[in-house]
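Sequence order for the protein chains is H and R.
Read left to right, the first sequence gives residues 1 to 226 (our numbering).
Read left to right, the second sequence gives residues 1 to 226 (our numbering).
Derived from the structure by calculation, the hints contain no laboratory data.
Check the hints yourself; a few may be wrong.
Which copy? The list can't say, so a pair holds if one copy fits it or any two copies do.
With a straight-line Cα cutoff of 30 Å, these simulated DSBU-like cross-link-like pairs (lysine-lysine) come out [as the list claims (entries may be wrong)]: (1) 58 <-> 104; (2) 26 <-> 184; (3) 202 <-> 182; (4) 184 <-> 202; (5) 78 <-> 182.
Number of protein chains: 2
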Amino acid sequence: MDEVRIIEIKQNVFKANQINADGIRKELKDHGSFLINLMSSPGAGKTTTLTKLINTLKEKLKIVILEADIDSDVDAKKISKETGVEAIQLHTGGMCHLDAAMTKQGLDEIRTEKPDLIILENVGNLVCPAEFDTGAHISFNILSVPEGDDKPLKYPLMFEVCDVVIINKIDVMPYFDFNLEKCKENILFRNKKATIIPICAKTGEGIDNVANYILELLRNFKGKEE
Amino acid sequence: MDEVRIIEIKQNVFKANQINADGIRKELKDHGSFLINLMSSPGAGKTTTLTKLINTLKEKLKIVILEADIDSDVDAKKISKETGVEAIQLHTGGMCHLDAAMTKQGLDEIRTEKPDLIILENVGNLVCPAEFDTGAHISFNILSVPEGDDKPLKYPLMFEVCDVVIINKIDVMPYFDFNLEKCKENILFRNKKATIIPICAKTGEGIDNVANYILELLRNFKGKEE
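This is chain H alone, in the form it adopts within the complex (with noise of 0.2 Å):
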């Protein structure tokens, strides 16, 4: 059985929600404030990246989190526990991603004024949550260790459209049939643009670098603004 045959399946994926995203980018800039959007699989290590990153940065920036999760809300009480930042958690009632319409029903309960910079924890997935833009002005995707080092090869869309890719977990890289040069090689073939960043959100390796990329996407940020 050497040859493999393959079916395509298609289907149409459903969009347009791109004017409601466009609306909530003319928004926040308004306000002046910078929106990411947070993907990975389940169990990279958002929440933990996020907590370890909101305390580089909160003396120097007003951030609010929004933690979207199927039902629970550990993800937000751990936030809100360890930054002491507001964060709100989303319920998406089952949904594997979130659209602009859901982003802005999480905007609307933002409390902080005009708050610098928004993080939006997207749903665990690599797949749905890549198909739909939430009115982000950046995607970030965190990619770990133990998913190997071809997963830009497998989830396609997902590491197109993020344009910085933080690969965490490189304290267990031993451990692993990972290759860091393979898997950046792997991200760029998908976007060549990517920034890719290696940290350890467990020890705080790397992290800096993260904050300061995203000090520098804010200057811009608020530079254009004027």
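Chain H is already provided as a structure; the job is to place chain R on it using the hints.
Frame of chain H, contents of chain R only:
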């Protein structure tokens, strides 16, 4: 900001492929073919587990693999090459899950006469695949240690619909904050009848347990046929 507000985003989740799924189950039963729906996060080790499992079982059973992927065909090729069994690649065209109609398209392409066992490797995703009955007789999930022992709490439906949970990558347990007992407890909280089998697909540890469990499932399945 101690208080965390929770906003429910209500969504209608598309259902009603139940009739197709029931039709598949009946038709397969008439042919004596048992269908397993294998789900997991990206990178949990579905393909490696399958390869080891097939090589353990292929002398005893006629096996066919349906490999769903968004657009690559590396998994079907790997399985076909390393095991020699019939492996069919299903391209979902960006879709995040398989439903019964998609599964049927794959089943219709099988050339092996009346296989005993068909394993459908679903798209790597802990959310959407859980919502769609593929027509399988049973659903398995592979949860890998690096994802964390809390995943059953965060992806409830997946762990509710899976009767078997394989805990993979137990060799790296010392390097992660992963409590096996806590994980089992969380799985059983979602489905108190779940069968839990810890393995390390890379070294082959525990594969025999999965193989024996499948042989037992097949004995019951074939027994009921008469």
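List of violated hint numbers, smallest to largest:
Checked against the structure, the only hint that fails is number 2, while the rest are satisfied.
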